[in-house]
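Visitor: Here is how the chains run, residue by residue.
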Amino acid sequence: MTHFHTTLKAGAVALVAAAPLAVATPVVAQQYPDPGETLDWTIAFGPGGGNDIMARTIVEIINTYDLYPGDIALENRAGGSGAVGWGHLYGQSGSGYGISTTSGSFVTTPLQADTPWDPTDFTPVALLATDDLVLVVNGSSEIQNIDEFISYAQENPVTIAGTGTVNVDFIVPTLFAEAAGFEFEYVSFNSMADQTTALLSESVDAMVGNPGEILGLIDSGDLRALVYSGSSTPEALGDVPTMGDVGHDIGVSMPRGLILPPDAPEEAQQFWIETMQQVVETPEWAEYIATNTLTPTVLYGEEFREFLDRTQTGFGEVLRSVGAIQ
Amino acid sequence: MDIFSDLFMGLSIAITPINLVYLLIGAMVGMIVGVIPGFGPSAGLAILLPVTFGMDPIGAIMMLAAIYYGAMYGGTITSILINTPGESATVASTFDGFPLAKKGRAGPALVMQAVASFVGGTVGVILITILAPMFSQVSRSFGPPEYFLLACMGLLTLIVMIGSSWKLGVISALIGLALGTVGVDLETGQGRYTFGSAELIGGIYFIPIAIGLFGLGELFYAFWSGLHNTGSGSIVQYSKEQRFWPTAQDFISTKWTMVRGSVLGFVVGVIPGAGATIASLMAYSTERSLSKHPERFGKGEMAGLVAPETANNAASSGAMIPLLTLGIPGSASTAVLLAAFMLWGLRPGPLFMSQNPELAWGLIASMYLGNMVLLAISIFAIPLFVQIIKVPYRILGPAVVVICALGTFSVHASFIETYLMFAAGIVGFFMRRFGFSPAALVLALVLGPLAEEALRQTMTISRGSFAIFVQRPASLWIIGITIALLVFLPILGRIGSRAANTEKAGG
Numbered sequence: 001m002t003h004f005h006t007t008l009k010a011g012a013v014a015l016v017a018a019a020p021l022a023v024a025t026p027v028v029a030q031q032y033p034d035p036g037e038t039l040d041w042t043i044a045f046g047p048g049g050g051n052d053i054m055a056r057t058i059v060e061i062i063n064t065y066d067l068y069p070g071d072i073a074l075e076n077r078a079g080g081s082g083a084v085g086w087g088h089l090y091g092q093s094g095s096g097y098g099i100s101t102t103s104g105s106f107v108t109t110p111l112q113a114d115t116p117w118d119p120t121d122f123t124p125v126a127l128l129a130t131d132d133l134v135l136v137v138n139g140s141s142e143i144q145n146i147d148e149f150i151s152y153a154q155e156n157p158v159t160i161a162g163t164g165t166v167n168v169d170f171i172v173p174t175l176f177a178e179a180a181g182f183e184f185e186y187v188s189f190n191s192m193a194d195q196t197t198a199l200l201s202e203s204v205d206a207m208v209g210n211p212g213e214i215l216g217l218i219d220s221g222d223l224r225a226l227v228y229s230g231s232s233t234p235e236a237l238g239d240v241p242t243m244g245d246v247g248h249d250i251g252v253s254m255p256r257g258l259i260l261p262p263d264a265p266e267e268a269q270q271f272w273i274e275t276m277q278q279v280v281e282t283p284e285w286a287e288y289i290a291t292n293t294l295t296p297t298v299l300y301g302e303e304f305r306e307f308l309d310r311t312q313t314g315f316g317e318v319l320r321s322v323g324a325i326q
Numbered sequence: 327m328d329i330f331s332d333l334f335m336g337l338s339i340a341i342t343p344i345n346l347v348y349l350l351i352g353a354m355v356g357m358i359v360g361v362i363p364g365f366g367p368s369a370g371l372a373i374l375l376p377v378t379f380g381m382d383p384i385g386a387i388m389m390l391a392a393i394y395y396g397a398m399y400g401g402t403i404t405s406i407l408i409n410t411p412g413e414s415a416t417v418a419s420t421f422d423g424f425p426l427a428k429k430g431r432a433g434p435a436l437v438m439q440a441v442a443s444f445v446g447g448t449v450g451v452i453l454i455t456i457l458a459p460m461f462s463q464v465s466r467s468f469g470p471p472e473y474f475l476l477a478c479m480g481l482l483t484l485i486v487m488i489g490s491s492w493k494l495g496v497i498s499a500l501i502g503l504a505l506g507t508v509g510v511d512l513e514t515g516q517g518r519y520t521f522g523s524a525e526l527i528g529g530i531y532f533i534p535i536a537i538g539l540f541g542l543g544e545l546f547y548a549f550w551s552g553l554h555n556t557g558s559g560s561i562v563q564y565s566k567e568q569r570f571w572p573t574a575q576d577f578i579s580t581k582w583t584m585v586r587g588s589v590l591g592f593v594v595g596v597i598p599g600a601g602a603t604i605a606s607l608m609a610y611s612t613e614r615s616l617s618k619h620p621e622r623f624g625k626g627e628m629a630g631l632v633a634p635e636t637a638n639n640a641a642s643s644g645a646m647i648p649l650l651t652l653g654i655p656g657s658a659s660t661a662v663l664l665a666a667f668m669l670w671g672l673r674p675g676p677l678f679m680s681q682n683p684e685l686a687w688g689l690i691a692s693m694y695l696g697n698m699v700l701l702a703i704s705i706f707a708i709p710l711f712v713q714i715i716k717v718p719y720r721i722l723g724p725a726v727v728v729i730c731a732l733g734t735f736s737v738h739a740s741f742i743e744t745y746l747m748f749a750a751g752i753v754g755f756f757m758r759r760f761g762f763s764p765a766a767l768v769l770a771l772v773l774g775p776l777a778e779e780a781l782r783q784t785m786t787i788s789r790g791s792f793a794i795f796v797q798r799p800a801s802l803w804i805i806g807i808t809i810a811l812l813v814f815l816p817i818l819g820r821i822g823s824r825a826a827n828t829e830k831a832g833g
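Top line first, the protein sequences correspond to chains H and V.
If you count the first sequence from 1, position 78 lands on 78 in our numbering, and the numbers rise without skipping.
If you count the second sequence from 1, position 61 lands on 387 in our numbering, and the numbers rise without skipping.
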């Protein structure tokens with residue numbers, strides 16, 4: 001009882017002490033960032049996923065190189081394929097102290113559900129990398145390279161597995177097949193694990209997926225990589241050509257970037273652009289790109305917004321044409 | 327073939343003091359996340375994953391794996407005591423676990439579940455040690471046609487599950503199948519009954535439904551029957567004279583159940599995506615069909631608790647096979663373990679065990695130790711947990727409601743799922759009141775979407791031809807086993823009941 005009372009008193013003292021400071025804050029707030037403000041860093045997915053790893057890597061780099069003066073509170077706000085987390089950021093409209101990392105769902109979730117926000121509503125900081133896909137066949141397949149695959153697919157109907165339909169996994173092979181002139185049946189799975197099992201059991205002819213999760217199977221020869229959808233092939237994939245190399249560039253990627261709430265102050269946007277310019281130069285960042293087999297693609301500010309707009313329009317067109325969305 | 331030298335090398339790594347501390351932490355955290363309804367091992371793993379950044383990978387993976395299989399021990403405790411499954415793989419443990427507690431055998435039930443978990447977990451690790459390469463072939467022969475057949479096989483077990491009234495049982499299963507259609511259609515990408523809500527894109531998650539139907543449903547039923555008015559009325563019987571330890575009969579009557587449950591659980595666990603939940607449900611219905619006294623199931627039969635418990639622990643060991651030999655996670659929990667491997671810069675895949683023998687064998691060896699640690703923790707903790715049943719219902723009831731709500735909300739921080747849990751509680755009450763089968767609903771909800779998706783994938787692959795089911799060796803095997811079960815189980819059942827009748831007549 002006594003103890004509780006004392007705490008209350010101490011709290012009251014702190015309040016009184018804080019009062020004069022509060023008067024002074026507007027002057028300090030002119031400068032971004034205010035070290036007294038805690039940065040609310042939203043991760044729109046659960047721990048352990050791609051988005052989570054990226055956010056934690058960036059924060060670790062920021063802390064290692066002392067790039068942000070205040071405290072950073074990282075929080076996983078998972079749910080609704082990102083709708084919950086980015087909805088939380090959307091609710092911080094006008095603030096410079098909310099921040100989040102993006103991934104594929106940032107573009108696809110608003111196409112699928114009535115989210116109050118669109119990707120272009122947010123204040124863009126930077127596109128840092130893109131998630132691209134590798135097309136693989138079973139290691140026991142007679143198809144040795146992408147040319148053989150295309151000519152085989154032109155003669156025989158093929159099945160290609162991927163994760164989900166409102167997803168880059170469906171869009172990439174659709175655009176590539178259109179460019180290369182073959183037809184295929186898309187088989188949609190719930191996860192990378194499910195589609196890999198299907199390919200290993202020789203249920204499907206090929207699949208697309210992020211190389212990171214299947215590098216082990218490619219190394220062992222259980223899967224054979226044929227072509228990569230990004231602008232440059234990750235080192236771990238060796239001499240696998242890109243879709244551009246074989247003359248059928250499709251220019252679609254999943255954005256891994258950084259955003260602030262809608263209408264964030266300009267100095268906040270500027271601060272984060274400059275900070276990210278430093279982050280992408282660190283060896284830690286290079287290591288992150290390599291282990292996760294991402295394609296380093298950097299765009300800042302408005303250019304990132306345009307990229308998001310372009311990606312979403314492109315996805316919408318393909319998905320509407322097959323009737324996946326209205 | 328120097329399995330033993332590999333295993334001893336693994337043991338020598340696992341047994342260092344610091345690694346043992348990590349193992350102990352993991353086992354305890356696993357028990358705790360298992361006990362909290364809704365809050366399963368994948369959520370527990372995901373939260374602890376960031377803590378392991380910068381830790382030595384061997385200690386870290388030992389700890390994370392212990393959380394994973396430890397949750398199987400903890401999850402049953404609430405299944406038995408308050409009819410609320412701690413996590414999805416322990417739903418089947420409520421069927422006979424809770425009736426056992428109601429009969430005043432909570433102590434023996436808890437001890438037997440710990441023993442069954444230990445047996446299942448240990449048999450699972452032994453099978454990993456000896457047969458990992460062989461079972462990796464099983465993991466890689468499953469495609470959509472096989473998953474469809476497996477789901478059908480699981481749905482067939484509904485026949486055993488639906489209880490006394492088949493009409494009400496069928497209606498329960500149909501409700502489950504209907505709920506399973508919610509969510510984005512995997513093939514076309516169109517939303518089905520999502521009403522534009524982002525939270526329903528992924529469909530209706532089965533945990534809130536199971537917690538509501540079983541936990542809250544039972545609670546409302548007890549409330550309706552006026553238990554709160556009976557002064558010291560507690561939800562289950564308790565008296566000092568009752569034995570805490572299981573009888574010799576409990577062990578003798580379930581020894582073969584343990585063997586069957588372990589093997590079946592392990593094999594189902596090896597199949598990526600099938601997992602501990604399906605394994606435990608299948609083990610329960612198999613055991614019921616084989617039993618000489620199927621009528622005792624659901625009323626507090628020890629074998630009905632032991633079967634799902636050995637199966638879910640063996641399955642969680644089995645799920646390590648696709649993870650270690652192919653780099654394919656078979657469940658949400660092993661997906662977090664895979665993420666951990668990748669975070670530490672390892673490359674999971676067929677070469678993983680030969681490239682990282684210390685890590686792989688350290689992990690396997692630690693699973694032997696972990697199961698022993700968990701058995702010991704369980705035995706120590708059971709007297710504490712048994713105290714719960716002494717708490718009067720009027721105090722325990724509201725506490726259970728709060729725990730169920732918190733547990734459900736903590737999984738995805740979703741209000742919709744929390745509302746669903748309460749709605750399922752009300753539905754569960756009426757199902758209990760009028761003799762419907764919540765078990766059939768839950769099984770249909772788990773297997774329905776799996777069957778639908780697998781069938782549509784199969785039809786896309788075969789271009790509409792059903793011949794694909796008899797063209798693949800693995801499919802043929804499953805069809806063969808299913809037919810064998812359909813033919814032999816009734817015969818065995820008849821022989822069993824005849825034997826029982828003869829016994830009765832003789833005695």
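These aren't lab readings, by the way, just hints derived from the structure by calculation.
From the three backbone atoms N, C-alpha and C, an ideal C-beta is built for every residue, glycine too.
Warning: the hint list may mix true and false statements.
[Claimed, not checked] If you want a taste of the chain H side facing chain V, the calculated C-beta under 8 Å gives, among others: (1) R56; (2) V59; (3) A179; (4) G181; (5) E185; (6) S188; (7) D194; (8) L200; (9) S201; (10) V204; (11) L215; (12) D219; (13) S321.
[To be verified] Now the stretches of chain H that chain V is said to cover, found in silico as 3 or more residues with beta-carbon under 8 Å: (14) 108-118; (15) 132-141; (16) 208-214.
Visitor: Please go over all the hints and tell whether each is borne out by the structure.
Guide: Here's how the hints hold up against the structure:
1. R56: holds, 6 Å
2. V59: violated, 10 Å
3. A179: The hint is violated - H:A179 has no Cβ within 8 Å of chain V, the shortest such distance being about 22 Å.
4. G181: This hint is violated: H:G181 lies away from chain V, its Cβ roughly 21 Å from the closest one there, beyond 8 Å.
5. E185: holds, 5 Å
6. S188: holds, 5 Å
7. D194: holds, 6 Å
8. L200: holds, 4 Å
9. S201: holds, 4 Å
10. V204: Hint holds; H:V204 Cβ to chain V Cβ min 6 Å, cut 8 Å.
11. L215: holds, 5 Å
12. D219: At 6 Å from the nearest chain V Cβ, H:D219 passes the 8 Å test, so the hint holds.
13. S321: At 12 Å from the nearest chain V Cβ, H:S321 fails the 8 Å test, so the hint is violated.
14. 108-118: holds (count 5)
15. 132-141: violated (count 0)
16. 208-214: holds (count 3)
Hints 2, 3, 4, 13, 15, counting from the list given before, are not met by this structure.
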